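So the protein lines, in turn, are chains A and B. So the first sequence is residues 5 to 213, counted in the numbering used here. So the second sequence is residues 5 to 213, counted in the numbering used here.
Simulated from the structure, these hints should not be mistaken for lab results. Don't take each hint at face value.
Claimed, not checked - Chain A stretches covered by chain B per the calculated footprint, using a threshold of three residues with CB under 8 angstroms from any CB of chain B: (1) 34–45; (2) 123–131.
To be verified - One side of the interface only, derived from the structure: several residues of chain B facing chain A at Cβ under 8 angstroms: (3) Ser35; (4) Val39; (5) Ala43; (6) Glu153; (7) Gln178; (8) Val203.
Said to hold, decoys possible - Anything over 10 angstroms on all C-beta distances counts as not near chain B; from chain A, calculated: (9) Asp76; (10) Val142; (11) Glu148; (12) Pro172; (13) Glu209.
Since we're looking at a predicted model, the values are computed, not measured. For glycine and all other residues, C-beta sits at the position ideal for the given N, C-alpha and C.
2 protein chains.
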Amino acid sequence: MPLRRPDVLDGAMRLLEEEGLAGLTMRRLASALDVRPSALYWHFADKRALLDAMAEELVSGVPEADPALPWDARASRLATGLRTALRSHRDGARLYAGTFVARPHTLRIGAALLTAFTDAGLPRARAMGTAFTLLYFVLGHTIEEQAHEELHATGEWDPDEAAAATAPYPGLAQALKEYENSTPDQRFTDGLHNFLDGVRYQLTEHRGG
Amino acid sequence: MPLRRPDVLDGAMRLLEEEGLAGLTMRRLASALDVRPSALYWHFADKRALLDAMAEELVSGVPEADPALPWDARASRLATGLRTALRSHRDGARLYAGTFVARPHTLRIGAALLTAFTDAGLPRARAMGTAFTLLYFVLGHTIEEQAHEELHATGEWDPDEAAAATAPYPGLAQALKEYENSTPDQRFTDGLHNFLDGVRYQLTEHRGG
Numbered sequence: 005m006p007l008r009r010p011d012v013l014d015g016a017m018r019l020l021e022e023e024g025l026a027g028l029t030m031r032r033l034a035s036a037l038d039v040r041p042s043a044l045y046w047h048f049a050d051k052r053a054l055l056d057a058m059a060e061e062l063v064s065g066v067p068e069a070d071p072a073l074p075w076d077a078r079a080s081r082l083a084t085g086l087r088t089a090l091r092s093h094r095d096g097a098r099l100y101a102g103t104f105v106a107r108p109h110t111l112r113i114g115a116a117l118l119t120a121f122t123d124a125g126l127p128r129a130r131a132m133g134t135a136f137t138l139l140y141f142v143l144g145h146t147i148e149e150q151a152h153e154e155l156h157a158t159g160e161w162d163p164d165e166a167a168a169a170t171a172p173y174p175g176l177a178q179a180l181k182e183y184e185n186s187t188p189d190q191r192f193t194d195g196l197h198n199f200l201d202g203v204r205y206q207l208t209e210h211r212g213g
Numbered sequence: 005m006p007l008r009r010p011d012v013l014d015g016a017m018r019l020l021e022e023e024g025l026a027g028l029t030m031r032r033l034a035s036a037l038d039v040r041p042s043a044l045y046w047h048f049a050d051k052r053a054l055l056d057a058m059a060e061e062l063v064s065g066v067p068e069a070d071p072a073l074p075w076d077a078r079a080s081r082l083a084t085g086l087r088t089a090l091r092s093h094r095d096g097a098r099l100y101a102g103t104f105v106a107r108p109h110t111l112r113i114g115a116a117l118l119t120a121f122t123d124a125g126l127p128r129a130r131a132m133g134t135a136f137t138l139l140y141f142v143l144g145h146t147i148e149e150q151a152h153e154e155l156h157a158t159g160e161w162d163p164d165e166a167a168a169a170t171a172p173y174p175g176l177a178q179a180l181k182e183y184e185n186s187t188p189d190q191r192f193t194d195g196l197h198n199f200l201d202g203v204r205y206q207l208t209e210h211r212g213g
C-alpha cells in the first residue's frame, strides 16, 4: 500500500512526541515509517513544508468562538484554545512559532481574531496588529511554559542552583517565589487580561480623544 | 594552547550565525574549532548548558534603564533593548526562548523590569507576572520577525501563494495588506503600547476600585 500524505503527517506528530522538535528529522521519520526518505519528499517538498503542515494540524482543533459573544470573550476563547492546542503536543508552541501557514485553520483563527478587534472598535490595520500581538504573547508564553515543564520532567531544573543565583537580587527572588505559587493557567489568564485591558484602554482613549 | 571557555562560546556564536539554531550541534562545533567533542564537554556539561551560556551572552549588551525615568519609559527601553539584542544574532529569539538562565544579565534585566512595575504601583507578585508577560510578547514577536526575515532572505516566501490562500477571507487579506505597510519597528512599538496601556488600565482600576 503506498504511503499517503496523512500517514506521513501522523508519523511526524508521533515522532515529535517521542523525540521533540530537535529530534525530528526527515531521515528519522523515514526510518520510523519504514520507507525511503524519497517517499516523504513525494508528499512534502522539504522539512519546512512538513513543519507547516504539522503547525496547521496542531491548530485544527481550536474551537470557533461564538460570534454572539462580546469581542473580549471571543478573543479570550481563541487565545485559550490556541494555547490548549499548542500544549497538546510536545514542543507544540516552538514548532508553531516561525511557521507561516496560509492554511484554512490558521486563517480561520486569524480572521476570527481580526473580527473580534474590529468589532471592539479598532480600525482594521490596528486590529490586525492587535491580533498579532495577542498571538505573540500566546506563543511566547506557551514556548516558555512547555520548556519549563520539560526541564522539570527531565530533572534538569535545579531549584537550589536557581535560588543561589537569584540571591543577589532579594526583591526578585521573593517576587519569583510568590509568582510560582500561581498556576500556569492563572498566569496565562493574567497575561491575557493585561493584553485585553490594553485594548480597553486604547478604546477609551479613542472615544475620549 | 588549551581551549578556553570563551573560545567555545565565541565559536558557538559564529556557528549559530552560519548554520542557524537547527544546525548547531556539539559535533559541528567541535569540528569548527578543530578539537575533539570531549574538549567541549570539559567546559559545558551538555548542549543545554552551552545554549544557556549563549542565551546569557546574547542579552549581556541590553543597556540599563536609567532609574530616574518613569516606569513605562524604563519598561520600553528594556523591552526594546532585549529585542535588539535577540535580533543581533540569527535565530537569537528562538535560542533565548525556552532557556532558563539564572545568570547575571538575565537576572539584572528581570530585576529592572520588576522594579519598573512595582514603581508603577503593582503589587509584587503581580509585577513579576507583568514582567513575564512583557518578556513573552518580546520573545514571540522577535521569533516571528526573525523567521519571517529568514523566509524572505531564502526566497521561500511566495506572496502569490499567500494571496491566493487568504482570498477566501477578504477582510483578513485587506487587513494584512494594510498591516504590512508598517515597519517591523512600528509593529513592535504598537504591541509594546498595547501591553503598557494594559498596565495603565489596571492601575486606573486599582485606584478607582
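Verification of the hints:
{"no.": "1", "hint": "34–45", "result": "violated (count 0)"}
{"no.": "2", "hint": "123–131", "result": "holds (count 4)"}
{"no.": "3", "hint": "Ser35", "result": "violated, 19 angstroms"}
{"no.": "4", "hint": "Val39", "result": "violated, 23 angstroms"}
{"no.": "5", "hint": "Ala43", "result": "violated, 22 angstroms"}
{"no.": "6", "hint": "Glu153", "result": "violated, 11 angstroms"}
{"no.": "7", "hint": "Gln178", "result": "holds, 7 angstroms"}
{"no.": "8", "hint": "Val203", "result": "holds, 7 angstroms"}
{"no.": "9", "hint": "Asp76", "result": "holds, 12 angstroms"}
{"no.": "10", "hint": "Val142", "result": "violated, 7 angstroms"}
{"no.": "11", "hint": "Glu148", "result": "violated, 6 angstroms"}
{"no.": "12", "hint": "Pro172", "result": "violated, 7 angstroms"}
{"no.": "13", "hint": "Glu209", "result": "violated, 8 angstroms"}
In this structure, the earlier hints numbered 1, 3, 4, 5, 6, 10, 11, 12, 13 are contradicted, and the remaining ones agree with it.
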